[in-house]
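A.B. asks: Quick note, the sequences are listed as chains W and Z, same order. Residue numbers for the first sequence follow the numbering used here, so the first one is 938 and each next one is one higher. Residue numbers for the second sequence follow the numbering used here, so the first one is 938 and each next one is one higher.
What the hints contain is simulated information worked out from the structure, not anything from laboratory work. Among these hints, one or two may not hold up.
[Said to hold, decoys possible] If the Cβ cut is set under 7 angstroms, some of the chain W residues that face chain Z in the computed set are: (1) 964; (2) 1087; (3) 1114; (4) 1118; (5) 1135; (6) 1138; (7) 1141; (8) 1158; (9) 1162.
For every residue, glycine included, the Cβ atom is placed at its ideal position computed from N, Cα and C.
2 protein chains.
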Amino acid sequence: MSNKPIIVLVRPQLGENIGKAARAMLNFGLTEMRIVAPRDGWPNPSAGPAAAGADTVLDEAKIYETTAEAVADCEHVYATTVRKRGVTKPVVGPDDAARLMHSQNGRHAVLFGREASGLATEDVALARHILTVPINPEFGSLNLAQAVILTAYEWSRIGRELEQSDLVQPTAEEDTLPPAPQDELEGLIAHLEGMLGPKGYFYPEARAEATRRTLRTVLTKPGWNHLEVRTLRGVLTSLGRPDKDVSD
Amino acid sequence: MSNKPIIVLVRPQLGENIGKAARAMLNFGLTEMRIVAPRDGWPNPSAGPAAAGADTVLDEAKIYETTAEAVADCEHVYATTVRKRGVTKPVVGPDDAARLMHSQNGRHAVLFGREASGLATEDVALARHILTVPINPEFGSLNLAQAVILTAYEWSRIGRELEQSDLVQPTAEEDTLPPAPQDELEGLIAHLEGMLGPKGYFYPEARAEATRRTLRTVLTKPGWNHLEVRTLRGVLTSLGRPDKDVSD
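Isolated chain W, as found in the complex (with noise of 0.2 angstroms):
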């Protein structure tokens, strides 16, 4: 099987959960975690022990200062919340979401927020996915492990589906690029908002981080590969420029 997400913890509090969400992840054969801003530093001691044996995991986990670097080379990104916020991103099951996994090019990464509150409203702003478990709605409690485990489950059993349909999946993605990595999408935001500042786009200050948040997810949705970016930045540095003298 290939095409496994990575598994991006965001400001993770306790380092038992660290090691419990690398248990989970061994137990359906992914490897690689992602950690931003860890509260209690690492390595963390408590990690390990709960890991049970998935050490590698936690050995060969990277950390990150802020969730926009874990993800500046992965092509796809998913935010997982418990229920839906007010966000006009597409909602994904793990299913779903797993579906998207194995038939879409590129590197996808699974954010999951910290146990008490879950993901801040700009790591979700990242994502041009939602992925949220179907839970019993009196009754939503899972925890971090249980949320990576049903991620990982279903990336495991979607893949053997897949294999054993003996279909060698002859989408029509097959021949398109995979969306480009997040930071040339990063690139494109910035230099789009450089150029409206200067125009009072973002006036009045108060709307601002809302106008800000709107603009990206209208940017973000539509997953336009390298070329496409880079077409993007050649009308934007052409609209900056003067107009062109007909004569010349």
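Starting from the known structure of chain W, arrange chain Z on it as the hints suggest.
C.D. replies: Same frame as chain W, but now just chain Z:
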């Protein structure tokens, strides 16, 4: 959804694990727990805190001395084991088991063994099916609550799948807006092209048509909805303005 399976914990050791199993169950709507000869008696003071609110499951749990008594009234019994043993019973995964639960009348009970050693041979002998979670053959380390949550998750997932298979397929996108009508998209494209023309973007003339086509492809791909198209029209209008006087 109907035909909830009964979760039977056979000779569990730690109260904490009983509580975690209850929490895992209730997350996916399962409520009936039976416990065979819990090592530390019952009730167990460590179970409640670990249940994280799923106390009703614990309060209503029934205690039995033997596994045979615990499943005496059940028509379908599954024995969870990590690996297939030398038994000649059909082996199912959590998804297959869930399909059986939803399609076959009668009470379904799933047996989970003690933490350290799993089910005894005589417990397995009671079951008609072996339930095995297909895990990483090089790292099989599924704990009790994880095995329970995967069983409960699949019961819930397959139930929804069956319910929805009759209805018109509600996609993951269901509560996002549909793409804007074509004329709104055309308006956006024309607006951008109108701004790019004077900048020399479509120069040289020989390349103009291909350039327009590329631009159209990039802007058509996202399937932006009405609100998103309106946002982008606003962006273009802003970009076309002179820079704002900051003192303004």
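A.B. asks: Residue 1135 of chain W was flagged as interface toward chain Z. Is the shortest Cβ-Cβ separation under 7 angstroms?
C.D. replies: holds (4 angstroms)
A.B. asks: Mind checking the CB of residue 1138 of chain W against every CB in chain Z and telling me if the closest is under 7 angstroms?
C.D. replies: holds (4 angstroms)
A.B. asks: Please verify that hint: residue 1118 of chain W, Cβ, nearest Cβ of chain Z, below 7 angstroms or not.
C.D. replies: Given a least distance of 17 angstroms, the restraint on residue 1118 of chain W is violated.
A.B. asks: Tell me if the interface restraint on residue 964 of chain W is satisfied: Cβ within less than 7 angstroms of some Cβ in chain Z.
C.D. replies: holds (5 angstroms)
A.B. asks: Restraint: residue 1114 of chain W near chain Z, CB-CB cut 7 angstroms. Satisfied or not?
C.D. replies: Violated, because the Cβ-Cβ distance from residue 1114 of chain W to chain Z comes to roughly 11 angstroms (cut-off 7 angstroms).
A.B. asks: Verify the interface restraint on residue 1158 of chain W: the C-beta must sit less than 7 angstroms from at least one C-beta of chain Z.
C.D. replies: holds (5 angstroms)
A.B. asks: Min Cβ distance, residue 1141 of chain W to chain Z: is it shorter than 7 angstroms?
C.D. replies: Violated. Min distance 12 angstroms.
A.B. asks: Take the shortest C-beta to C-beta distance between residue 1162 of chain W and chain Z; is it under 7 angstroms?
C.D. replies: Since the shortest Cβ distance to chain Z is 9 angstroms, the answer is violated.
A.B. asks: Under 7 angstroms is the threshold here; is the Cβ of residue 1087 of chain W close enough to any Cβ of chain Z for the hint to stand?
C.D. replies: Holds, because the Cβ-Cβ distance from residue 1087 of chain W to chain Z comes to roughly 6 angstroms (cut-off 7 angstroms).
In the structure shown, a violation is registered for the earlier hints numbered 3, 4, 7 and 9, in ascending order.
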